[in-house]
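A.B. asks: These are the residues of each chain, in order.
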Amino acid sequence: MLRTILTALTLFALWLLMSGVYKPMIIGFGVVSAIISVIVVRRMDNAADTDRLEIRLGVFATIAYWAWLMIEIAKANWAVTKLILSPSMPINRHMFRIPYSQKTDLGQAIFANSITLTPGTISVEVEEGEFLIHAVGYSSDDLDALAEMDSRVTAIEGDSK
Amino acid sequence: MTWQFVSEIIAWVLILSGSIFVVIGAVGTLRFPDFWSRLHAASVSESAGMILLIAGMCMHSGFTLITVKLIIIGGFIFITGPTSTHAVANAALTSGETPESDEDSAK
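First to last, the sequence lines map onto chains A and B. First residue of the first sequence: 18, per my numbering; consecutive thereafter. First residue of the second sequence: 11, per my numbering; consecutive thereafter.
Same shape as in the complex, but just chain B:
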């Protein structure tokens, strides 16, 4: 059990679970009924999937320049991802896409 071996296993566990979350996000985007809930499904692959994949790739490459670049990419997606989601949601609201509320119909 060398450190190389252990880090390799951790890396692949992270990468595989990240991929699973990306697939779950895609499934949710197809299953959810309307535009607004689909946005939420997409953010699963954007947050959990992205974080786990980048962490896994960092573990895989070890202490190299590639890890530094991956961390910079991760930080970038961390800021631009929610900003673009907000931009899409805001544009939808402005152009008259009214969200349905299950809360009101339940009462």
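Here chain A stands alone, though its shape is the one from the complex:
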């Protein structure tokens, strides 16, 4: 029940942030739509599977990871920009595999998305215990950089337990 009320309050807060019009009628619409959404979700919980995505990540570790990732994105962007703009275009395309050490689906998704988010590397396929990565400016340093990213993602995942 507490979970339901919290969901309704979160949805209503989102409505207030999104609308920006604070007339009684509009706010009333917000209340009604938040309640209707929660009722629909409750009904779906009864009817369909009750799979819940549990997010267990350390809050501060996650924020620190995002900050680190931003710097990595900036560096990778600069590298790919140089590749694009240099007249000889010294690209070095290569496909390779990198092992992942995350236990949960969420951790693996964060790692794979982080790889794709940094320009120059794209996660193409998930295989047993490793990702298939395509890189445009491949060098052997990439393996070390990705291994470091892997251990950092595992660190924010393991922080909660």
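Fair warning: there could be bad hints in the mix.
What the hints assert, rightly or not - Derived contacts from chain B toward chain A, CB cut-off under 8 Å, selection only: (1) 92; (2) 103; (3) 109; (4) 111.
As the list claims (entries may be wrong) - With a cut-off of at most 25 Å between alpha-carbon atoms, the simulated DMTMM-like pairs for lysine to aspartate or glutamate come out as follows: (5) A/120 x A/89; (6) A/92 x A/145; (7) A/120 x A/145; (8) A/99 x A/89; (9) A/120 x A/147; (10) A/99 x A/165; (11) A/99 x B/18; (12) A/40 x A/62; (13) A/92 x B/112; (14) A/99 x B/110; (15) A/92 x B/44; (16) B/79 x B/18; (17) A/99 x B/44; (18) A/99 x A/159; (19) A/120 x A/142.
As the list claims (entries may be wrong) - Some chain B residues close to chain A (C-beta under 8 Å, calculated; not the full set): (20) 41; (21) 51; (22) 87; (23) 96.
Derived by calculation from the structure, the hints in this document are not laboratory data. Glycine residues also receive a C-beta, built at the ideal position from the N, C-alpha and C atoms.
Here the structure of chain A is known, so what remains is to put chain B in place on it, guided by the hints.
C.D. replies: This is chain B only, laid out in the frame that chain A set:
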């Protein structure tokens, strides 16, 4: 030098540099030789361009509801962008688009 003036300048620097990265991504998409490397070029405009543009627009609008919406949009693109890139790359691999490797031919 009021704060308004300074934030305006920061906003326009961010927006202009973001636009430059979007253009660079487009140039790369045209210049790169094959499908796989073009995906990488597109992700330049998707990451650097998007982040700088959204940060610039946040600075421009200041502490308003618009900034909150922009941050929510940014977070959304941050998650959906790489997911869709991965979906395209995975679909290409599944349908038999084999990547060339410069690493092998160099050896």
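A.B. asks: Work down the list of hints and note, for each, if the structure agrees.
C.D. replies: Against the structure, the hints come out as follows:
Annotation: interface hint on residue 92 of chain B holds; nearest CB of chain A at approximately 4 Å, less than 8 Å. For residue 103 of chain B, the interface hint holds, the least distance from its beta-carbon to any beta-carbon of chain A being 5 Å, beneath 8 Å. Annotation: residue 109 of chain B was flagged as interfacial toward chain A, and the flag holds, the nearest CB pair being 5 Å apart, inside 8 Å. The beta carbon of residue 111 of chain B is positioned within 8 Å of a beta carbon in chain A (closest approach about 5 Å), and the interface hint is therefore held.
Proposed proximity of residue 120 of chain A and residue 89 of chain A is supported: the alpha carbons are some 23 Å apart, at most 25 Å. Distance hint between residue 92 of chain A and residue 145 of chain A is unfulfilled; the C-alpha atoms sit about 30 Å from each other, more than 25 Å. At roughly 12 Å between alpha-carbon atoms, residue 120 of chain A and residue 145 of chain A fall within 25 Å of each other, so this suggested pair holds. A hinted pair counts as satisfied when its Cα atoms are at most 25 Å apart, and residue 99 of chain A with residue 89 of chain A qualifies at roughly 15 Å.
Between residue 120 of chain A and residue 147 of chain A the CA atoms are separated by roughly 12 Å; this keeps the pair inside 25 Å, and the hint holds. For the hint pairing residue 99 of chain A with residue 165 of chain A, the CA-to-CA distance comes to about 24 Å; that is within 25 Å, so the pair holds. Of the pairs offered as hints, the one joining residue 99 of chain A and residue 18 of chain B is violated, with about 29 Å between alpha carbons and a cut-off of 25 Å exceeded. Between residue 40 of chain A and residue 62 of chain A the CA atoms are separated by roughly 33 Å; this puts the pair beyond 25 Å, and the hint is violated.
Our distance criterion of 25 Å between C-alpha atoms is met by residue 92 of chain A and residue 112 of chain B, whose separation comes to about 23 Å. With a CA separation close to 21 Å, the supplied pair residue 99 of chain A and residue 110 of chain B stays within the 25 Å bound. A distance of roughly 24 Å separates the Cα atoms of residue 92 of chain A and residue 44 of chain B; the hinted pair therefore holds under the 25 Å criterion. Taken as a hint, the residue 79 of chain B and residue 18 of chain B pair is honoured in the structure, with Cα atoms around 19 Å apart against an allowance of 25 Å.
For a cut-off of 25 Å, the pair hint linking residue 99 of chain A to residue 44 of chain B stands: about 18 Å separates their Cα positions. Only pairs whose Cα atoms come within 25 Å are accepted, and residue 99 of chain A paired with residue 159 of chain A is accepted, the gap being roughly 17 Å. Simply put, residue 120 of chain A and residue 142 of chain A have alpha-carbon atoms about 17 Å apart, close enough for the 25 Å limit, and the pair holds. This hint holds: residue 41 of chain B has a C-beta 6 Å from the nearest C-beta of chain A, less than the 8 Å allowed.
Nearest Cβ of chain A to the Cβ of residue 51 of chain B: about 6 Å, under the 8 Å cut. The hint holds. Against a cut-off of 8 Å between C-beta atoms, the interface hint on residue 87 of chain B is violated, since the closest Cβ of chain A lies about 10 Å away. Restraint check, residue 96 of chain B versus chain A: the minimum CB separation of about 5 Å is within 8 Å; hint holds.
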